[in-house]
Amino acid sequence: MNSPGTAVVVRDLEKRFGDFVAVNRVSFEVKRGEIFGFLGPNGAGKSTTIRMLCGILIPSGGAGTVAGLDILTRQEEIKANIGYMSQKFSLYEDLTVEENIDFYSGIYRIPAEKKQARKEWVLQMAGLKEHLHSRTGTLSGGWKQRLSLGCAILHEPPVIFLDEPTSGVDPISRRQFWDLIYELAGKGVTVFVTTHYMDEAEYCDRIALIYRGELIAMGAPADLKTEKLREDSIAPSMEDLFVSLIEAHDRDARPQEEVRR
Amino acid sequence: MLVKEFIHIFRDPKMKAVIFLVPVIQSMIFGYAVTTDVKHVATAVFDLDNSQASRELVARFVRSGYFDVVARVQNEGQVRVLLDRGRARAVLRFNQGFEREMLAGRTARLQVLLDGADSNSAGIVLEYSARIAAEFSRTVLIERSARLAGAFRPPGGVDLQARAWFNENLESRNFYVPGVIAILVMLITLMLTSMAVVREKEVGTMEQILVTPITPGEFIAGKTLPFALIGFVDVIVITAIAVFWFEVPIRGNLLLLFLATALYLMTTLGIGLFISTISQTQQQAMMSTFFFYMPAILLSGFIFPIANMPESIQWLTYLNPLRYFLIVIRGIFLKGIGISVLWPQLLALAVMGLLTLRAAAGRFHKTMA
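So the sequences go chain by chain: H and F. For the first sequence, this note's numbering puts the final residue at 261, and the numbers step up evenly by one. For the second sequence, this note's numbering puts the final residue at 1369, and the numbers step up evenly by one.
Certain hints may be false.
[Said to hold, decoys possible] Straight-line C-alpha distance at most 20 Å; calculated SDA-like pairs for lysine to any residue:
no., chain 1, residue 1, chain 2, residue 2
1, H, K114, F, I1214
2, H, K88, F, T1281
3, H, K88, H, W143
4, H, K88, F, E1207
5, H, K88, F, E1127
6, H, K115, H, T96
7, H, K88, F, M1206
8, H, K88, F, R1199
9, F, K1201, H, L95
10, F, K1201, H, T48
11, F, K1039, F, E1127
12, H, K88, H, Y197
13, H, K88, F, Q1280
14, F, K1201, H, M218
15, H, K31, H, D19
16, H, K88, H, S140
17, H, K129, H, W143
18, H, K88, F, A1059
19, H, K88, F, Q1282
20, H, K115, F, Q1280
21, H, K187, H, T48
22, H, K88, H, T48
23, H, K119, H, L132
24, H, K88, F, T1205
25, H, K31, H, M218
26, H, K88, F, G1204
27, H, K88, F, E1202
28, H, K119, H, S134
29, H, K115, H, H131
30, H, K115, H, L132
31, F, K1201, H, I56
32, F, K1039, F, A1059
33, H, K88, H, T138
34, H, K119, H, K187
35, F, K1039, F, I1124
36, H, K114, H, S134
37, F, K1201, H, Q87
[What the hints assert, rightly or not] Pairwise CB distance ranges (calculated):
no., chain 1, residue 1, chain 2, residue 2, range
38, H, D179, F, A1221, 38 to 44 Å
39, F, I1278, H, D19, 21 to 27 Å
40, H, S140, F, A1221, 49 to 55 Å
No lab work stands behind these hints, which were simulated from the structure alone. Please read all numbers here as calculations on a predicted model, not as lab measurements. Using N, Cα and C, we set each Cβ at its ideal position, and we do this for glycine too.
This is chain H alone, in the form it adopts within the complex (with noise of 0.2 Å):
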């Protein structure tokens, strides 16, 4: 299961939060260096796959490894592995933009002759030196985004998880965002990326799509408009495919229901 190319692997992994099945045995593999796109509508049990992966809920069923770790019992090797941001930004808003640096790399154990290095990168990357010493909760969204992003690699991850990381951000820091997550996969660190914007799912190199906490479809986004959408071929877009994608999942569900009728 760790073959040295992979970052993450999972086998039927499922979660359930009482009789609800918010994952329901999915499986997949991502290779390194790779941006993973996870797609699918609010609810589709994107969020509770990463928190699996990122071992802060521990799976009902099945198995997987991140950065070649066991999921289900090496939790907290993987955190020291991987960076994870999620859609709310994780700072302390009445910490200046240095202060909140200066924290994760406490808590991520930066060594201390590294940490001047780490946070002039951070602060490169996201565009932020003359606002080194501004409150957090003054800066704009696109700004409060690449900090996020910025606290959450500090310690160099080789994999990172960004969970819908640019919702609620105007285009061009989407834009500006997506830069950086392919400087990133440029230098060999693992991408895994959930998110509902379609225009997005374009720029990954390979997309899964959940759906009811079910995986309906995986491949490159061009393959699998090829391979799905061959009928009204004149320039589809992403959208297109995930709602046929989505219809056809429920045209095959639904016979079932109406023989119980």
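Chain H is already provided as a structure; the job is to place chain F on it using the hints.
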């Protein structure tokens, strides 16, 4: 983590005020207000005799310092009105013939009417009145015997010489001010810690903290040490006010007081953190804090002596860290007793502190799962 919590607190000027100014103001107010000494009781005199003897007795009441004559009334109706409206809390009533009865060698009657709504104060006033009246009749007796028999010496009676140890003047302030230290510090540390974790949950930073390799121990330490330090500073500030402003004697060892404070803070911080881990919002944390805080004060012996409570409730007070700390802090301030006497309380605080902190750490781990 540590540095961050300090920044959180000090960045907010309102927070700073809450932490340092409020204890100062509250201990000042409580120092003056929280007293059960009854002084300057508003008293009305209803003197139908208006004789030398009755006036002499009224003068004795006034001289005692416990009674202030606020009105002189002429009839029953006025007595009622004064007591109803609360303008007088005691009425001294002399019937006609008070002096005559006395001179005739019979028992003269003085009636004291009290506003018994506040039963505690009324009881105390009653006791004062009885004492003054008894003294009066004794001097009258001595004078009379002297007049009758010249060199006659009155028979020796029993003279009760009560001395209150540890608090010679029975100043209730000396008893309550050390207690105020305990309850104020409890309030502040409880509030700060119970908010600390919940705030992170509300803002959403908790999730981020959970995906970092921070250990529960580090997290708990980061969330308690700053508040422990603040608690200490508050104890020192209020102790200084108590000693230098209110002149409450401090007879015991200050180091022992600090040791006890450290143990006590462990329990309040542990409880605060525990509340924090079971609450989802700051409002919930606030409610839970008060749900704990009110009974903790009422069942601590701060106001109502534990010995007077029903036995089942007395057992309940053994779970209350405030109970132990009050004994310790009052013991150190007033009695000057040391560890050889106070060790059971210190031990109880230490055990409770460790248990609550452990419980909080345990709860914290579960929320990660």
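Comparing the hints with the structure gives:
At most 20 Å may separate the alpha-carbon atoms for a hinted pair to count; H:K114 and F:I1214 meet this at roughly 19 Å. With a C-alpha separation of about 17 Å, the suggested pair H:K88 and F:T1281 falls inside the 20 Å cut-off, and the hint holds. In summary, the hint linking H:K88 to H:W143 is supported, as the alpha carbons are separated by about 14 Å, within the 20 Å threshold. Simply put, H:K88 and F:E1207 have alpha-carbon atoms about 9 Å apart, close enough for the 20 Å limit, and the pair holds.
A C-alpha spacing of about 67 Å is found between H:K88 and F:E1127, which places the hinted pair above 20 Å, so the restraint is violated. Our distance criterion of 20 Å between C-alpha atoms is met by H:K115 and H:T96, whose separation comes to about 17 Å. Restraint check for H:K88 and F:M1206: satisfied, since their Cα atoms lie roughly 11 Å apart, inside the 20 Å limit. Under the criterion of a C-alpha separation no larger than 20 Å, the hint pairing H:K88 with F:R1199 is consistent with the structure, at around 14 Å.
Between F:K1201 and H:L95, the direct Cα distance comes to roughly 17 Å. Compliance with the 20 Å bound is thereby established for this hinted pair. This hinted pair checks out: F:K1201 and H:T48 have alpha carbons roughly 17 Å apart, not beyond 20 Å. Pair hint F:K1039 plus F:E1127 holds up; C-alpha atoms about 13 Å apart against a cutoff of 20 Å. Taking the CA atoms of H:K88 and H:Y197, the gap is about 16 Å. The hint holds against a cut of 20 Å.
Restraint check for H:K88 and F:Q1280: satisfied, since their Cα atoms lie roughly 17 Å apart, inside the 20 Å limit. Taken as a hint, the F:K1201 and H:M218 pair is broken in the structure, with Cα atoms around 34 Å apart against an allowance of 20 Å. Taking the CA atoms of H:K31 and H:D19, the gap is about 33 Å. The hint is violated against a cut of 20 Å. Distance check on the hinted pair: H:K88 and H:S140 sit about 14 Å apart at the alpha-carbon level, within 20 Å; holds.
Of the supplied pair hints, the one linking H:K129 and H:W143 holds, its CA atoms being roughly 11 Å apart against a limit of 20 Å. This hinted pair does not check out: H:K88 and F:A1059 have alpha carbons roughly 76 Å apart, beyond 20 Å. In summary, the hint linking H:K88 to F:Q1282 is supported, as the alpha carbons are separated by about 18 Å, within the 20 Å threshold. Restraint check: the Cα-Cα separation between H:K115 and F:Q1280 comes to about 34 Å, which exceeds 20 Å; the hinted pair is violated.
Restraint check: the Cα-Cα separation between H:K187 and H:T48 comes to about 28 Å, which exceeds 20 Å; the hinted pair is violated. For the hint pairing H:K88 with H:T48, the CA-to-CA distance comes to about 15 Å; that is within 20 Å, so the pair holds. Proximity of H:K119 to H:L132 is assessed by CA-CA distance (about 10 Å); at most 20 Å being required, the pair is judged to hold. Of the supplied pair hints, the one linking H:K88 and F:T1205 holds, its CA atoms being roughly 8 Å apart against a limit of 20 Å.
For a cut-off of 20 Å, the pair hint linking H:K31 to H:M218 stands: about 14 Å separates their Cα positions. At roughly 6 Å between alpha-carbon atoms, H:K88 and F:G1204 fall within 20 Å of each other, so this suggested pair holds. A distance of roughly 11 Å separates the Cα atoms of H:K88 and F:E1202; the hinted pair therefore holds under the 20 Å criterion. Among the hinted pairs, H:K119 with H:S134 is consistent with the structure: their alpha-carbon atoms are about 15 Å apart, no more than 20 Å.
Only pairs whose Cα atoms come within 20 Å are accepted, and H:K115 paired with H:H131 is accepted, the gap being roughly 18 Å. Using a Cα cut-off of 20 Å, the hinted pair H:K115 and H:L132 holds, with the two alpha carbons roughly 15 Å apart. In summary, the hint linking F:K1201 to H:I56 is supported, as the alpha carbons are separated by about 14 Å, within the 20 Å threshold. Only pairs whose Cα atoms come within 20 Å are accepted, and F:K1039 paired with F:A1059 is accepted, the gap being roughly 16 Å.
Our distance criterion of 20 Å between C-alpha atoms is met by H:K88 and H:T138, whose separation comes to about 16 Å. In summary, the hint linking H:K119 to H:K187 is supported, as the alpha carbons are separated by about 19 Å, within the 20 Å threshold. Between F:K1039 and F:I1124 the CA atoms are separated by roughly 10 Å; this keeps the pair inside 20 Å, and the hint holds. As the CA atoms of H:K114 and H:S134 are separated by approximately 23 Å, the hinted pair breaks the 20 Å bound.
At most 20 Å may separate the alpha-carbon atoms for a hinted pair to count; F:K1201 and H:Q87 meet this at roughly 14 Å. A hinted range of 38 to 44 Å for the beta carbons of H:D179 and F:A1221 is consistent with their spacing of about 39 Å. At about 25 Å, the beta-carbon gap between F:I1278 and H:D19 stays in the expected band of 21 to 27 Å. At about 35 Å, the beta-carbon gap between H:S140 and F:A1221 misses the expected band of 49 to 55 Å.
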